[in-house]
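Place chain B on chain A using the hints.
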Amino acid sequence: MSDVAIRVEGLGKVYRIGAQRVAYGSLRESLTQAIQVPLRNATSLLRGQSRENSEAGQTIWALKDVSFEIKQGEAIGVIGRNGAGKSTLLKILSRITQPTEGYAEIRGRIGSLLEVGTGFHPELTGRENIYLSGAILGMRKSEIQRRFDEIVAFAEIDKFIDTPVKHYSSGMYVRLAFAVAAHLEPEVLMVDEVLAVGDLQFQKKCLGKMQSVSQTGRTVLFVSHNMSAITRLCSTAISLDGGRLLESGPACDVVSHYLASTMGTPGAAIWTDPGSSPGTNEFRLAAVRLVDGAGMAVNVTNIEQPLDLQIDYLVLKPGLRFRCTASFNTGGTCAFSTLEPTEILRQGSGRYRSTVRIPGNLLAEGEYTVGISIFASRAKKMHYCKVDDVVVFQVYDPVSGSSARGDYAEGLSGVTRPLLSWHTEYLR
Amino acid sequence: MNSVQDNPGLPPTAAAVGSSPAKLAVPVTIIRPSRGWASLDLRALWEYRELLYFLIWRDVKVRYKQTVLGAAWAIIQPFFTMVVFSLFFGRLGGIPSDGIPYPIFSYAALVPWTFFANGLTQSSNSLVGSANLITKVYFPRLVVPLSSVLAGVVDFGLSFLVLLAMMAFYGLMPTWAVVWLPFLLLLALVTALGVGLWLSALNVQYRDVRYVVPFLTQFWLFATPIAYPSTLLPQPWRTFYALNPMVGVVEGFRWALLGTGTTSLPLVVMSSLAALVLLVSGAFYFRRMERTFADVV
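If you read the protein sequences in the order shown, they are chains A and B.
Number 7 in my numbering belongs to position 7 of the first sequence; there are no gaps in the numbering.
Number 106 in my numbering belongs to position 106 of the second sequence; there are no gaps in the numbering.
Chain A on its own, in the form it takes in the complex (with noise of 0.2 Å):
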């Protein structure tokens, strides 16, 4: 039990969203209405009952019945939709708020981070505030004296540590409230979403440096919607689902169940009526699927796991020459297209499959739109059909060591991500 950091045990938290309005008929009613709810608000204050108590509003369990174990040293990931209640969550375990009902124990000194620049005052300027948020955050002075000079070059704002904040870049502002909390060093870490501001290059560092917070034993609780920052840096997660624990377990599968939930139909599209499917008279789309090597469709994939791409049409029309080409995009760039080679006859009337395989640790992690585009152009020019964003589906690397990041588990770039060998030879 002694290695347990975290237990929860049916955690719940009601909020009241506000009670109903009452509709007022006349003068007379709303004049008593106005000094009754007054009165009724002050007895109710004398008690020492908050107001939403005393009203009969609609309420809602923004977290019921949670119950889950860390153990120390380990990351975990809380994943979920918007009010799934990570938030809520986040604020129980950081004792912001108290819960309604259930049980925490929490080993070890609690740092939580749930907004970067807590504390930071405008006026004051980048050292007043270091030493300002660091004591907000729960640093003793002494120790933000001794990791002063750290946190400064972390931030890369020296030449401005004397200039109050209000006259820095929101950039600066951002780099010097993170270092503030990067260089915070509690036990158990609680972190929301924090990353997700600031530039690229500064969101890597602060990616690499919740890496070495949680690989130096420390214990972890890191809430993003960043399913690749969730599966690098968390061995397990736990997902949400309308204030409910949906599921917990080693982060690529929860992550892996996740994305496939929110993503609707898993990894394919499917035109049930010819009629209205995209293509031509002599062409209709009939399907566009994802498969793994089982042959089950599936919108989330390990970044050694090969894939193919079905395409299924119908060809009204025989012999219909043609190509089928995909494009497989990410964050508005083209992270390559493919196309059948030569323009192939399609002799008979009725319906094909075009499949191309997509080798393993060939995409890099993140998520992916898949387009298609079928034509001819040599001997007659037309154009069949072409979708955008037609499927989508995500790529994640467990970092199990065997994928191109080997042991690698901090921010790298690009949209590809070949498995190559590499080779070192002492010279002389």
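No wet-lab data here; the hints were simulated from the structure.
All values derive from a computational prediction rather than experimental measurement.
In this text, a Cβ means the ideal position worked out from N, Cα and C, and glycines have one as well.
Check the hints yourself; a few may be wrong.
Straight-line C-alpha distance at most 27 Å; calculated DSS-like pairs for lysine-lysine [claimed, not checked]: (1) A/166 / A/204; (2) A/204 / B/65; (3) A/159 / B/65; (4) B/61 / A/141; (5) A/141 / B/65; (6) A/159 / A/204; (7) A/71 / A/166; (8) A/159 / A/209; (9) A/159 / B/61; (10) A/141 / A/64; (11) A/166 / A/141; (12) A/141 / A/159; (13) A/159 / A/71; (14) B/65 / A/380.
So, partial list: chain A residues that the calculated Cβ filter (under 8 Å) puts toward chain B [unchecked claim]: (15) 15; (16) 59; (17) 101; (18) 110; (19) 115; (20) 118; (21) 153; (22) 249; (23) 378.
Just chain B now, kept in the frame of chain A:
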């Protein structure tokens, strides 16, 4: 809030080394819902004394930033009130002043009064003003109103220097009773904090407080013998009058510095008791309401 117990015992430096935290006495935090009245948990407050220091320091540093007159405002406020009082109540109204010049009679009262009134106003708004902190990070919430009252001590010091200068100008020598001044200042602080705790906790739920505070301080100003001596009241009533703790503070200040009002002792005792009741009840009410602050503010 009994539910949240922080068991300190881990020296901060040991945590920072981070070698093997398991071997040290690890603080255990228990989180569970609490009901009813909560203990004051002064130990947690002590744990966070450095935060208290930094918040006071922030308030002091920021208060007069981007003002032309800067810290002079700490003096201008009571000084010009004294000028106005001297003109209208002293000169035109002919209000008695226990045999001392009216300007110093009223200024000696206005110095602790200004400290009290500012502390009350600042602490009443402190929780709502710190909403961004309260919803984002944990610390004993008592630190917030406490720091905003304590930050006023610096302003008090500045206006007190002017009081000393005025005493020199009028050739008044303080008596040995001046040693009671720190206690009287503490009494003003306790009163301001006591009311501040009540109002800041109420303000989280009911923003009406924002409109009540200016009215309250104005009313309280006239319910306190600042523009007039408490000797205007006949005796049995005067002691009850001291249920207003600021009566004890103000009369105490005059007694300690200017040697007026020999009957001040029962007055001060009465005021101290009233202030203590305010503080203790305020602190418990605050702790009781504390658990909903982050959800409601």
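Hints and how they fare:
1. A/166 / A/204: Holds, at about 25 Å.
2. A/204 / B/65: Not OK: residue 204 of chain A and residue 65 of chain B at ~37 Å, beyond 27 Å, violated.
3. A/159 / B/65: The hint holds at about 22 Å.
4. B/61 / A/141: Holds - the C-alpha atoms of residue 141 of chain A and residue 61 of chain B are around 18 Å apart, at most 27 Å.
5. A/141 / B/65: Between residue 141 of chain A and residue 65 of chain B the Cα gap is close to 24 Å, so the pair holds against 27 Å.
6. A/159 / A/204: 23 Å, holds
7. A/71 / A/166: 41 Å, violated
8. A/159 / A/209: OK: residue 159 of chain A and residue 209 of chain A at ~23 Å, within 27 Å.
9. A/159 / B/61: Roughly 22 Å separates the two Cα atoms, so the pair holds.
10. A/141 / A/64: Distance of about 39 Å is beyond 27 Å: violated.
11. A/166 / A/141: Judged against 27 Å, a Cα distance of about 24 Å means the pair holds.
12. A/141 / A/159: 23 Å, holds
13. A/159 / A/71: Violated, at about 42 Å.
14. B/65 / A/380: 77 Å, violated
15. 15: 7 Å, holds
16. 59: Cβ of residue 59 of chain A sits 12 Å from chain B, so the hint is violated.
17. 101: 6 Å, holds
18. 110: 6 Å, holds
19. 115: 5 Å, holds
20. 118: Where the cut-off is 8 Å and the nearest Cβ of chain B is about 5 Å from residue 118 of chain A, the hint holds.
21. 153: Violated, about 17 Å.
22. 249: 24 Å, violated
23. 378: Not OK, violated: residue 378 of chain A not within 8 Å of chain B, min 63 Å.
Consistency with the previously given hints fails for numbers 2, 7, 10, 13, 14, 16, 21, 22 and 23, ordered from lowest to highest.
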